[in-house]
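Sequence order for the protein chains is A and B.
Note that this note's numbering has the first sequence beginning at 34, numbered continuously upward.
Note that this note's numbering has the second sequence beginning at 29, numbered continuously upward.
There could be a bad hint or two in this list.
Claimed, not checked - Straight line, CA to CA, 30 Å or less: simulated BS3-like cross-link-like pairs of lysine-lysine:
#1 B:K132 <-> A:K908
#2 A:K119 <-> B:K179
#3 A:K546 <-> A:K67
#4 A:K67 <-> B:K209
#5 B:K145 <-> A:K765
#6 B:K143 <-> A:K119
#7 A:K722 <-> A:K67
#8 B:K209 <-> A:K908
#9 A:K863 <-> B:K85
#10 A:K91 <-> B:K85
#11 B:K143 <-> A:K974
#12 A:K945 <-> B:K179
#13 A:K968 <-> A:K787
#14 A:K91 <-> A:K119
#15 B:K85 <-> A:K180
#16 A:K119 <-> A:K187
#17 A:K974 <-> A:K546
#18 B:K85 <-> A:K787
#19 A:K180 <-> A:K599
#20 A:K119 <-> B:K209
#21 A:K968 <-> A:K492
#22 A:K939 <-> A:K863
#23 A:K765 <-> B:K85
#24 B:K155 <-> A:K863
#25 A:K968 <-> B:K143
#26 B:K179 <-> A:K939
#27 B:K132 <-> B:K85
#28 A:K492 <-> A:K722
#29 A:K968 <-> A:K765
#30 B:K209 <-> A:K863
#31 B:K209 <-> A:K765
#32 B:K155 <-> A:K201
By construction, these hints were calculated from the structure, which means they are not laboratory data.
Predicted model only: the values in this text are computed from it and were never measured.
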Amino acid sequence: MKPPAKMSKPTSLFVIFFSLFVMSEAVFEDQVGKFDWRQQYVGKTLFAHFDSHSQSSKKLFLATDKNIFASFNSRTGELFWRHVDKAGPEGTIDILLLHGQDALMVVGGGRLLRSWDTNMGGLNWEAVLDTGSFQAACFVAMQDTVKHVAVLKKAAISLHYLTNGHQKWVENLPDSDTVQYQAVYSGGEEEVYVLGVVPNSHLTIIAYSLEDGEIIKQRSVEAPWLSSVESSCVVVGHGVLMCVDTATLALYALPIQSLDLEVSPGFQPVLVSSQPHPARSPISEFFLQLGPDHHVLLQLNADGYTIAPLRDFQPAFLVSFSTTGEKTVAAVMTPKNETVKKKKNVASCMWSYSSDVFPPQLYVHAFLKKDDSVGYRVLVQTQDHALTFIQQPGRVVWTREEALADVVTMEMVDLPLTGTQAELEGEFGKKADGLFPMVLKRLSSQVILLQAWLAHLWKLFYEARKPHGQVKNEVTIETLSRDEFNLQKMMVMVTASGKLFGIDSKSGSILWKHYLENVQPNAVFKLIVQRTTAHFPHPPQCTLLIKDKDTGLASLHVFNPIFGRKSHIAPPALPRPILQSLLLPVIDQDYAKVLLLVDDQYKVTAFPSTKNVLQQLQEMASSIFFYLIRSDQGNLSGFRLRKDLSTERIWEVVLPTEVQKIVAVNGKRPNEHVHSQGRVMGDRSVLYKYLNPNLLAVVTESTDAHPERAFVGVFLVDGVTGRIIHEAVQRKARGPVHFVHSENWVVYEYWNTKSRRNEFSVLELFEGTELYNSTVFSSLDRPHLPQVLQQTYIFPSPITTMEATLTEKGITSRHLLVGLPSGAILSLPKMFLDPRRPEVVTEHSREENLIPYAPEMPIRTEWFINYNQTVARVKGIYTAPSGLESTCLVVAYGLDIYQTRVYPSKQFDVLKDDYDYVLISSVLFALFFATMISKRLAQVKLLNRAWR
Amino acid sequence: MWLHVRLSEVCLFLQAMFILACCFSDMESGPIATSGSVQPNGDRFKIEGRAIVPGVKTQDWISSARVTVEGEEYIGFLGTDGSFVVNDVPSGSYVVEVISPGYKFGAVRVDITSKGKMRARLVNFIKTSEVIRQPYPLQLRSSGPRTYLMKRETWGWTDFLMNPMVMMMVLPLLIIVLLPKVVNTNDPEMRKEMEQSMNMLNPNPELPDVSEFMTKLFSGSKSSSSKAIGGSKASGRPAVKRRWCQNITCTSGLRNYCNWSCHGNYNAIFKKSFFIRLYNCFLSRVFFPSSEIQVCK
């Protein structure tokens with residue numbers, strides 16, 4: 034379908050009219066922050082620097098694995114600003130150096146050199162570096178002022194001016210094909226040293242002149258024991274290179290000296306030193322790590338030849354140095370608590386944290402207090418990606434759960450009912466037992482309600498007397514209960530690091546967290562709600578399927594979504610790789626839905642697998658179908674369950690991999706309700722929707738990437754019979770394809786390679802004006818193929834994700850929630866994506882409220898449901914119905930998390946929050962009094978007339 | 029003569045050719061050569077420009093803004109003076125946008141040839157080959173802050189008084205109050221004239237009067253008091269009624285009421301209820317301020 038190039042004037046007028054009509058979707062000014070919240074994250078810290086530019090500065094600079102450079106307020110942990118670079122290797126931050134107000138960064142594996150103004154958060158300059166993989170970088174100082182930065186690449190070293198990024202000189206490194214250059218050092222002299230190593234042979238040290246890049250000295254030291262400069266060599270004191278021999282544990286300075294120290298077997302010793310200022314040489318003290326929990330503080334004596342041990346730390350996991358003025362602090366972290374040791378006199382601060390998260394990184398900032406003593410601040414990055422900021426006496430100032438920067442999947446779970454609510458609900462659930470008891474019950478529940486209301490009033494009154502600041506509505510797990518309209522839910526979020534979170538959807542506060550250890554970094558997750566809160570004595574139950582992407586081996590984690598506690602139910606052992614999982618509507622005697630797991634031998638494991646369940650499965654086996662996708666083979670196959678829990682293949686669709694590859698397959702959401710079976714047309718006839726619950730939308734992309742021959746294919750396949758219901762091919766198009774499959778429609782978005790624009794296409798399926806079998810839908814008995822309508826529109830922006838709104842009963846009209854790269858979430862009425870939009874307006878189409886066709890889809894900033902609260906790198910949008918039919922709960926996640934509510938058809942079932950009670954009551958009263966007065970006047974007049 | 033005509037034709041043809049040639053040559057020289065845009069690593073180029081938000085200091089907005097090229101394909105950051113450079117872009121055609129949550133910027137399409145010639149033009153997704161030149165290096169000027177939020181409709185006295193409905197109601201009221209003072213009602217001729225005009229307004233004498241109906245409703249038994257104007261009157265003019273009906277606009281809140289009154293036989297009941305209807309319309313405006321205005325059919 035090609036959108037016509039011209040749009041007639043009346044059509045455009047109509048579009049404007051309709052867009053005005055739908056405009057009331059926007060957020061109102063007073064609704065800002067009322068029921069929505071956003072949390073911003075940055076990811077796991079790679080480099081951290083405290084702003085030591087000024088004494089009272091509270092800035093903290095982080096570079097993270099999500100390619101983000103951020104500035105934090107160290108007092109509160111809030112973001113000042115954040116720069117989100119391109120995701121993936123092109124945006125990786127290789128190093129972050131801080132000097133004064135300038136932060137220097139090498140980005141994308143040595144692609145770019147950037148300098149930031151940390152005060153304003155703007156870029157000073159950006160310089161393109163020569164190709165070659167990045168090795169190291171350091172500031173180069175001359176006469177106590179830092180003017181240059183040296184960047185070492187695999188085969189070249191370049192020197193850049195700090196002020197504008199211009200290259201001063203670049204030199205190729207000699208013998209770069211044999212020597213691995215790994216470190217660059219400058220000690221404030223006129224020279225830049227480059228250290229390279231030929232593994233197990235010798236060490237090469239080259240000194241370059243700062244002025245013109247000439248090689249001043251070149252020296253090679255025999256070092257058959259050395260394999261890597263990075264981990265085993267540091268510069269200590271006045272230009273003394275200290276290396277550790279991993280085999281014999283000798284410390285090689287120049288000359289070599291041996292120390293009697295024991296190293297743990299199989300451990301590679303590591304050296305840690307510190308260079309407080311690039312214009313000066315490093316301090317002469319350094320740490321030597323001898324084992325995973327053993328560090329020794331050593332000192333290079335003034336003569337530069339002898340080493341003296343200062344102190345032995347065991348156990349000690351992490352060490353770090355920090356300098357302020359003339360004083361240097363060494364921080365040592367010991368298990369279960371943390372000690373900060375000041376040089377000479379020891380001061381310690383105890384801080385305990387839950388033990389299982391071994392902290393991989395430690396950043397210490399020392400500063401001089403007013404009384405000239407040294408104060409410390411410590412930033413700890415733990416393995417579960419939590420970032421904790423600690424002040425001197427061991428007080429945790431703030432903690433950021435940076436694992437939430439990478440949410441993989443989530444679910445929203447209803448909160449449990451309170452006692453009163455359960456009582457009230459129970460009244461409707463139970464069978465009638467006579468009139469009189471029913472009346473009694475009714476009355477008693479009314480009394481309970483009255484009591485609750487009075488208690489609420491009393492609480493309000495009591496709190497009103499308190500000063501305003503003290504009143505706090507802290508949400509805790511204990512006080513959690515469902516609200517009137519079920520708008521507050523528990524958000525269960527699964528993050529890529531294997532940490533699970535339970536977040537209150539109303540306030541955004543984290544109510545529980547659970548760190549799963551031993552989760553592989555390439556694991557894929559699937560979260561399944563097996564039992565909701567509706568079955569009271571039984572706790573709700575969620576199951577997380579964790580699958581290793583490479584091996585396919587999976588494990589289950591069963592937990593209570595409200596409290597985050599691990600369930601005592603033992604999940605089945607899964608010895609074979611899992612191919613597919615499906616949740617059946619079958620429930621066991623404990624009201625838990627049955628989860629079926631299909632392994633690579635097409636054997637099925639049921640969880641829970643009680644006798645009851647197995648019996649039910651045997652009865653239902655012939656009507657349980659499932660499908661498997663092998664995208665590497667272009668194979669789509671359908672299976673049926675046998676009574677003995679084995680399976681048989683009943684159909685297979687092969688899409689040849691030479692031509693196209695399967696990108697995504699999506700069924701409909703199981704909790705989706707469709708209210709109306711058809712659409713009433715202008716001539717009062719009904720067009721029935723084709724509502725096949727087993728329909729799968731399969732999206733393929735061509736393997737040929739040439740813009741003229743590329744295509745995107747959409748196949749609609751019946752998941753039970755394997756019948757291809759419809760096939761649509763979009764020529765001269767390529768992915769990434771985003772699509773939504775719901776009700777009787779599929780909306781997909783692709784890139785048009787010919788016109789270089791994004792296009793939306795909508796497929797809608799109809800049975801026609803008559804239903805074949807209106808009572809029950811069966812895929813096996815559907816002789817007629819549906820009628821398919823399609824229309825395509827231009828979308829003036831790329832998109833990152835797409836989802837449709839979902840409501841309780843499906844009466845409310847649908848909107849598409851589109852995540853844009855700008856971070857905005859657009860709420861696009863489905864009305865605009867209706868293949869029945871006419872090109873010529875007729876009486877019928879007007880009657881049906883169809884918007885005339887216009888090729889370009891409008892994007893209005895008023896439709897952004899998150900106004901200026903942009904969500905960086907939106908990865909997914911989760912929608913959940915609430916207790917109100919008009920309201921849909923929305924959570925957008927990516928780097929940030931944003932939660933809000935949307936009203937696709939406005940709030941038709943509750944009074945709007947701008948409802949003017951004052952006006953309506955004043956008008957009523959005014960009318961009432963006017964009637965009274967006029968009545969009186971009329972009486973007087975009548976009387977007068979009678980007298981006349 | 030013939031030759032002359034022929035010659036002029038030839039001339040015209042040549043001229044046309046020349047113009048065409050001019051056009052083509054212009055097309056050829058389309059992308060402006062910008063020296064220095066070629067980067068060290070071969071076929072990668074850079075897109076340069078500057079973004080300005082008039083009246084706002086750069087430090088107030090640059091930290092939250094960035095430059096995106098074709099979605100998030102390539103990203104650039106803004107310098108402290110609002111300038112930007114997107115490095116490492118291969119040749120092609122890209123939509124360049126400055127994204128700021130606070131301020132609106134227009135998008136620009138930048139074409140880079142394989143030799144590194146650049147040109148900027150307006151983005152047109154419908155006519156993709158249309159070229160409306162934009163300056164390069166890009167000059168992106170913000171057209172103001174973004175409007176995300178809607179203003180609530182507030183109720184003010186001035187809005188109320190300036191409402192045409194209210195005006196329409198107030199004017200007749202004035203006339204009703206002032207007219208008896210201006211016109212001498214005791215003059216029999218005048219009275220006769222007025223009576224006649226009343227008759228014209230009151231076409232159907234058979235049906236009960238609405239004011240009567242209302243008084244009945246409110247005061248119960250005291251109905252006999254006002255058998256007012258409805259008495260012995262001449263026959264009506266349906267054409268006039270219909271026109272009234274169509275002319276009255278009211279809000280959807282009372283749509284049903286309108287439909288009812290417009291379609292049914294009840295026209296006659298409300299023959300004098302024009303003002304009442306107006307009043308109702310006004311009321312519904314007050315009660316349902318946000319509902320859209322519809323014309324009764």
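A quick look at each hint next to the structure:
1. Taken as a hint, the K132 of chain B and K908 of chain A pair is honoured in the structure, with Cα atoms around 24 Å apart against an allowance of 30 Å.
2. A hinted pair counts as satisfied when its Cα atoms are at most 30 Å apart, and K119 of chain A with K179 of chain B does not qualify at roughly 36 Å.
3. Simply put, K546 of chain A and K67 of chain A have alpha-carbon atoms about 26 Å apart, close enough for the 30 Å limit, and the pair holds.
4. A C-alpha spacing of about 58 Å is found between K67 of chain A and K209 of chain B, which places the hinted pair above 30 Å, so the restraint is violated.
5. At most 30 Å may separate the alpha-carbon atoms for a hinted pair to count; K145 of chain B and K765 of chain A meet this at roughly 26 Å.
6. Restraint check: the Cα-Cα separation between K143 of chain B and K119 of chain A comes to about 26 Å, which is no more than 30 Å; the hinted pair holds.
7. With a C-alpha separation of about 38 Å, the suggested pairing of K722 of chain A with K67 of chain A is violated against the 30 Å cut-off.
8. For the hint pairing K209 of chain B with K908 of chain A, the CA-to-CA distance comes to about 76 Å; that exceeds 30 Å, so the pair is violated.
9. A threshold of 30 Å between alpha carbons decides the hint, and for K863 of chain A with K85 of chain B the separation of about 40 Å lies outside it, so the pair is violated.
10. Proposed proximity of K91 of chain A and K85 of chain B is supported: the alpha carbons are some 23 Å apart, at most 30 Å.
11. Restraint check for K143 of chain B and K974 of chain A: not satisfied, since their Cα atoms lie roughly 97 Å apart, outside the 30 Å limit.
12. A distance of roughly 14 Å separates the Cα atoms of K945 of chain A and K179 of chain B; the hinted pair therefore holds under the 30 Å criterion.
13. Between the alpha carbons of K968 of chain A and K787 of chain A the distance comes to roughly 78 Å, so the proposed pair goes past 30 Å and is violated.
14. Of the pairs offered as hints, the one joining K91 of chain A and K119 of chain A holds, with about 28 Å between alpha carbons and a cut-off of 30 Å not exceeded.
15. Between K85 of chain B and K180 of chain A the alpha-carbon distance is near 29 Å, which keeps this suggested pair within the 30 Å criterion.
16. For the given pair, K119 of chain A sits about 24 Å from K187 of chain A by alpha-carbon distance, which is consistent with the 30 Å threshold.
17. Taken as a hint, the K974 of chain A and K546 of chain A pair is broken in the structure, with Cα atoms around 79 Å apart against an allowance of 30 Å.
18. The suggested pairing of K85 of chain B with K787 of chain A is violated, with an alpha-carbon distance near 41 Å, which exceeds 30 Å.
19. A threshold of 30 Å between alpha carbons decides the hint, and for K180 of chain A with K599 of chain A the separation of about 56 Å lies outside it, so the pair is violated.
20. The straight-line distance between the Cα atoms of K119 of chain A and K209 of chain B is roughly 81 Å, outside the 30 Å bound, and the hint therefore fails.
21. For the hint pairing K968 of chain A with K492 of chain A, the CA-to-CA distance comes to about 45 Å; that exceeds 30 Å, so the pair is violated.
22. Between the alpha carbons of K939 of chain A and K863 of chain A the distance comes to roughly 14 Å, so the proposed pair stays at or under 30 Å and holds.
23. For a cut-off of 30 Å, the pair hint linking K765 of chain A to K85 of chain B is broken: about 45 Å separates their Cα positions.
24. At roughly 25 Å between alpha-carbon atoms, K155 of chain B and K863 of chain A fall within 30 Å of each other, so this suggested pair holds.
25. The straight-line distance between the Cα atoms of K968 of chain A and K143 of chain B is roughly 91 Å, outside the 30 Å bound, and the hint therefore fails.
26. A distance of roughly 16 Å separates the Cα atoms of K179 of chain B and K939 of chain A; the hinted pair therefore holds under the 30 Å criterion.
27. For the suggested pair K132 of chain B and K85 of chain B, the alpha carbons sit about 15 Å apart, so the restraint of at most 30 Å is met.
28. Of the supplied pair hints, the one linking K492 of chain A and K722 of chain A is violated, its CA atoms being roughly 52 Å apart against a limit of 30 Å.
29. Taking the CA atoms of K968 of chain A and K765 of chain A, the gap is about 78 Å. The hint is violated against a cut of 30 Å.
30. Annotation: proposed proximity of K209 of chain B to K863 of chain A is violated, straight-line Cα distance about 61 Å (limit 30 Å).
31. Restraint check for K209 of chain B and K765 of chain A: not satisfied, since their Cα atoms lie roughly 81 Å apart, outside the 30 Å limit.
32. Restraint check: the Cα-Cα separation between K155 of chain B and K201 of chain A comes to about 47 Å, which exceeds 30 Å; the hinted pair is violated.
Consistency note: the structure conflicts with the earlier hints numbered 2, 4, 7, 8, 9, 11, 13, 17, 18, 19, 20, 21, 23, 25, 28, 29, 30, 31, 32.
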